[in-house]
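So the sequence lines, in the order shown, correspond to chains F and C. Everything in the first sequence is counted per this note's numbering, starting at 634 for the first residue and increasing by one. Everything in the second sequence is counted per this note's numbering, starting at 210 for the first residue and increasing by one.
Since the hints were made in silico from the structure, they are not lab data. Everything numeric in this text was worked out from a predicted model, so none of it was measured. Check each hint, because a few of them may be wrong.
Capping the alpha-carbon separation at 20 angstroms, the derived lysine to any residue pairs in SDA-like fashion look like this [as the list claims (entries may be wrong)]:
{"hint": "1", "chain 1": "F", "residue 1": "Lys677", "chain 2": "C", "residue 2": "Arg307"}
{"hint": "2", "chain 1": "F", "residue 1": "Lys695", "chain 2": "C", "residue 2": "Gln308"}
{"hint": "3", "chain 1": "F", "residue 1": "Lys677", "chain 2": "C", "residue 2": "Ser218"}
{"hint": "4", "chain 1": "F", "residue 1": "Lys677", "chain 2": "C", "residue 2": "Gln316"}
{"hint": "5", "chain 1": "F", "residue 1": "Lys677", "chain 2": "C", "residue 2": "Ser212"}
{"hint": "6", "chain 1": "F", "residue 1": "Lys677", "chain 2": "C", "residue 2": "Gly225"}
{"hint": "7", "chain 1": "F", "residue 1": "Lys644", "chain 2": "C", "residue 2": "Gln251"}
{"hint": "8", "chain 1": "F", "residue 1": "Lys711", "chain 2": "F", "residue 2": "Ser651"}
{"hint": "9", "chain 1": "F", "residue 1": "Lys648", "chain 2": "F", "residue 2": "Pro694"}
{"hint": "10", "chain 1": "F", "residue 1": "Lys644", "chain 2": "C", "residue 2": "Pro249"}
{"hint": "11", "chain 1": "F", "residue 1": "Lys677", "chain 2": "C", "residue 2": "Ser313"}
Stretch-level coverage of chain C by chain F, calculated; a stretch enters the list once three of its residues show a Cβ under 8 angstroms from a Cβ in chain F [unchecked claim]:
{"hint": "12", "segment": "229-237"}
{"hint": "13", "segment": "271-277"}
{"hint": "14", "segment": "296-304"}
To be clear about the criterion: a stretch of chain F counts as covered by chain C if any three or more of its residues have a C-beta under 8 angstroms from a C-beta of chain C, and this derived list gives those stretches [said to hold, decoys possible]:
{"hint": "15", "segment": "664-677"}
{"hint": "16", "segment": "736-749"}
The C-beta atom is built at its ideal place from N, Cα and C for all residues, glycine as well.
So the chains spell out like this:
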Amino acid sequence: EAGVAQSPRYKIIEKRQSVAFWCNPISGHATLYWYQQILGQGPKLLIQFQNNGVVDDSQLPKDRFSAERLKGVDSTLKIQPAKLEDSAVYLCASSLGASGGSTDTQYFGPGTRLTVL
Amino acid sequence: AQSVTQLGSHVSVSEGALVLLRCNYSSSVPPYLFWYVQYPNQGLQLLLKYTSAATLVKGINGFEAEFKKSETSFHLTKPSAHMSDAAEYFCAVSAAARQLTFGSGTQLTVLP
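Just chain F, with the same shape it has in the complex:
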């Protein structure tokens, strides 16, 4: 079974530029998550989708970050414009349950390492 795919793996941009990350979850997984992992910290949830809809985006900086999950499958996370403090690894995860329950096992992709200069 293929895992969660993410691209690109690495991205370097200048501040104030825009960037987009792509995620393809495990086939059949209803719930998709985007996390931000700053160096030396644990992952922090940015946004959670169940199928097409947003379940939780309370920690997403909506003035610069946006995300969409068209057709309930793959997803794109965008930052526009980027700031220095956005340098981090962006992890995508998916889980099977349509309810996004607390016990669902989340399967993580390898992440995209973003460096903002």
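Once you have looked at the hints, place chain C on chain F.
Relative to chain F, chain C alone:
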């Protein structure tokens, strides 16, 4: 609110020695608890999870963790460390918020 504290950002053990990684949680409702492992340049992989069944949970690669409500702890152990166990380990809690809240991680080094 829910939170996790991992004591010790770096732990070193000798190969063959006991591994003990500490995790304490805070939650206003009964929690679900998880341990994930992250190898360099890879995503997180689930080691084990506690979902209110048995308090001693066995996971992959010989790891286990014990849920102790009185101590609000969920420490991760392995009787004998192997070189391949060197990685970063994250404890996480999911409770009323329904989302995973991660600790800041513990980097495990295994010395030959």
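Going down the list of hints, with the structure as the test:
1. As the CA atoms of Lys677(F) and Arg307(C) are separated by approximately 13 angstroms, the hinted pair is consistent with the 20 angstroms bound.
2. Restraint check for Lys695(F) and Gln308(C): satisfied, since their Cα atoms lie roughly 19 angstroms apart, inside the 20 angstroms limit.
3. The hinted pair formed by Lys677(F) and Ser218(C) meets the criterion: a straight-line CA distance of about 17 angstroms does not exceed 20 angstroms.
4. Of the pairs offered as hints, the one joining Lys677(F) and Gln316(C) holds, with about 18 angstroms between alpha carbons and a cut-off of 20 angstroms not exceeded.
5. Using a Cα cut-off of 20 angstroms, the hinted pair Lys677(F) and Ser212(C) holds, with the two alpha carbons roughly 12 angstroms apart.
6. Distance hint between Lys677(F) and Gly225(C) is unfulfilled; the C-alpha atoms sit about 33 angstroms from each other, more than 20 angstroms.
7. Proximity of Lys644(F) to Gln251(C) is assessed by CA-CA distance (about 16 angstroms); at most 20 angstroms being required, the pair is judged to hold.
8. Restraint check for Lys711(F) and Ser651(F): the C-alpha separation of about 7 angstroms stays at or below 20 angstroms, so the hint holds.
9. Only pairs whose Cα atoms come within 20 angstroms are accepted, and Lys648(F) paired with Pro694(F) is accepted, the gap being roughly 16 angstroms.
10. This hinted pair checks out: Lys644(F) and Pro249(C) have alpha carbons roughly 17 angstroms apart, not beyond 20 angstroms.
11. For the proposed pair Lys677(F) and Ser313(C), the alpha carbon gap of about 10 angstroms is at most 20 angstroms, so the pair holds.
12. Counting residues of the segment 229-237 of chain C whose CB lies closer than 8 angstroms to any CB of chain F gives 0, so the stated coverage by that chain is violated, three being the minimum.
13. Look at the segment 271-277 of chain C against chain F: 0 of its residues bring a Cβ nearer than 8 angstroms to a Cβ of that chain, fewer than three, so the hint is violated.
14. Remark: the segment 296-304 of chain C is confirmed as covered by chain F, as 4 of its residues place a Cβ nearer than 8 angstroms to a Cβ of that chain, reaching the required three.
15. Using a Cβ-Cβ cut-off of 8 angstroms, 5 residues of the segment 664-677 of chain F lie near chain C, which meets the minimum of three, so the contact claim holds.
16. Counting residues of the segment 736-749 of chain F whose beta-carbon sits less than 8 angstroms from any beta-carbon of chain C gives 8, enough to reach three: the coverage restraint holds.
Hint compliance for this structure: hints 6, 12 and 13 are not met, and every other hint is.
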